[in-house]
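*Asks:* With these hints in hand, go ahead and build the complete structure from the sequences.
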Amino acid sequence: MSTQRNYIIEHMEDAMHEWCALEYKHMLQKIGPDHLYFTSLTDKCLNEGMPEEVKTAKCYQVDVLNLPGVKPEEICLLDPAGTSELAPEDGDKFKYFLFGGILGDHPPRDRTGELRKLGFAGRRLGPVQMTTDTAVNVTKRVVEDRSKFDA
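Per my numbering, the very first residue in the sequence shown carries number 1; after that it's consecutive.
Hints are computed from structural coordinates only; laboratory data are not their basis.
Keep in mind that this is a model prediction, so the values were computed, not measured.
Honestly, I wouldn't trust all of these hints.
When the alpha-carbon atoms are kept at most 20 angstroms apart in a straight line, the in silico SDA-like pairs for lysine to any residue are as follows [claimed, not checked]:
| hint | residue 1 | residue 2 |
| --- | --- | --- |
| 1 | 93 | 70 |
| 2 | 71 | 55 |
| 3 | 93 | 118 |
| 4 | 58 | 74 |
| 5 | 148 | 80 |
| 6 | 148 | 4 |
| 7 | 25 | 148 |
| 8 | 55 | 13 |
| 9 | 148 | 127 |
| 10 | 25 | 131 |
Across the chosen pairs, the derived CB separations fall in these ranges [to be verified]:
| hint | residue 1 | residue 2 | range |
| --- | --- | --- | --- |
| 11 | 21 | 114 | 17 to 25 angstroms |
| 12 | 148 | 4 | 18 to 26 angstroms |
| 13 | 83 | 51 | 31 to 39 angstroms |
| 14 | 69 | 89 | 20 to 28 angstroms |
| 15 | 13 | 83 | 37 to 45 angstroms |
| 16 | 66 | 126 | 29 to 37 angstroms |
| 17 | 95 | 117 | 37 to 45 angstroms |
| 18 | 65 | 150 | 18 to 26 angstroms |
| 19 | 26 | 148 | 19 to 27 angstroms |
Even glycine gets a Cβ: it sits at the ideal position worked out from N, Cα and C.
*Replies:* Have a look at this one:
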């Protein structure tokens, strides 16, 4: 089994919606507070609707580019438009896996594109849009448990 990786959720909603809170709590259960980062949190998110247990994770009001001690080259963006699939060896290449904390839209509006523009290496998890907590769990299975992803 690989070293435990870190998972960064760039919060991209205007508030802490109930569905976000549920997904974030699920991520916390699967990842634990020491390896889970939430970035771009507004005062409103932190003070209205964010469950107290989620606040035990690493919570920041700065965006992913301004996280202390995190280098952009250590980050892999999970991106539905990525050109290659996430592979177990990516757990050796990257320390951080970045996800857009986005409530899904149908059809998708490609809000991950806002993160893509920042130049991170990207990987995808197949052609199907996933909830953020599902994408985090699948990524963990691939990069930590070394399970090959079959789309």
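*Asks:* Each of the hints needs a verdict: does it hold here or not?
*Replies:* Consistency of the hints with the structure:
At roughly 14 angstroms between alpha-carbon atoms, residue 93 and residue 70 fall within 20 angstroms of each other, so this suggested pair holds. At roughly 23 angstroms between alpha-carbon atoms, residue 71 and residue 55 are farther apart than 20 angstroms, so this suggested pair is violated. Restraint check: the Cα-Cα separation between residue 93 and residue 118 comes to about 19 angstroms, which is no more than 20 angstroms; the hinted pair holds. The suggested pairing of residue 58 with residue 74 holds, with an alpha-carbon distance near 18 angstroms, which does not exceed 20 angstroms.
Among the hinted pairs, residue 148 with residue 80 is consistent with the structure: their alpha-carbon atoms are about 17 angstroms apart, no more than 20 angstroms. Proximity of residue 148 to residue 4 is assessed by CA-CA distance (about 17 angstroms); at most 20 angstroms being required, the pair is judged to hold. For the proposed pair residue 25 and residue 148, the alpha carbon gap of about 26 angstroms is over 20 angstroms, so the pair is violated. Restraint check for residue 55 and residue 13: satisfied, since their Cα atoms lie roughly 17 angstroms apart, inside the 20 angstroms limit.
Between residue 148 and residue 127 the CA atoms are separated by roughly 16 angstroms; this keeps the pair inside 20 angstroms, and the hint holds. A threshold of 20 angstroms between alpha carbons decides the hint, and for residue 25 with residue 131 the separation of about 13 angstroms falls inside it, so the pair holds. Between residue 21 and residue 114 the Cβ separation comes to about 22 angstroms, which falls inside the hinted range of 17 to 25 angstroms. Checked against the hint of 18 to 26 angstroms, the C-beta distance between residue 148 and residue 4 comes to roughly 19 angstroms, which is consistent with it.
Separation of residue 83 from residue 51 is about 36 angstroms and conforms to the stated range, judged on CB atoms against 31 to 39 angstroms. Checking the proposed 20 to 28 angstroms range against residue 69 and residue 89 shows it holds: the Cβ atoms sit about 24 angstroms from each other. Look at residue 13 against residue 83: about 27 angstroms separates their beta carbons, and that is not inside 37 to 45 angstroms. Separation of residue 66 from residue 126 is about 31 angstroms and conforms to the stated range, judged on CB atoms against 29 to 37 angstroms.
For residue 95 and residue 117, the Cβ-Cβ distance of about 22 angstroms falls outside the hinted range of 37 to 45 angstroms, so the restraint is violated. Under the hint 18 to 26 angstroms, the C-beta atoms of residue 65 and residue 150, about 33 angstroms apart, miss the expected range. For residue 26 and residue 148, the Cβ-Cβ distance of about 24 angstroms falls inside the hinted range of 19 to 27 angstroms, so the restraint holds.
Hint check: violations occur at hints 2, 7, 15, 17 and 18; the rest are consistent with the structure.
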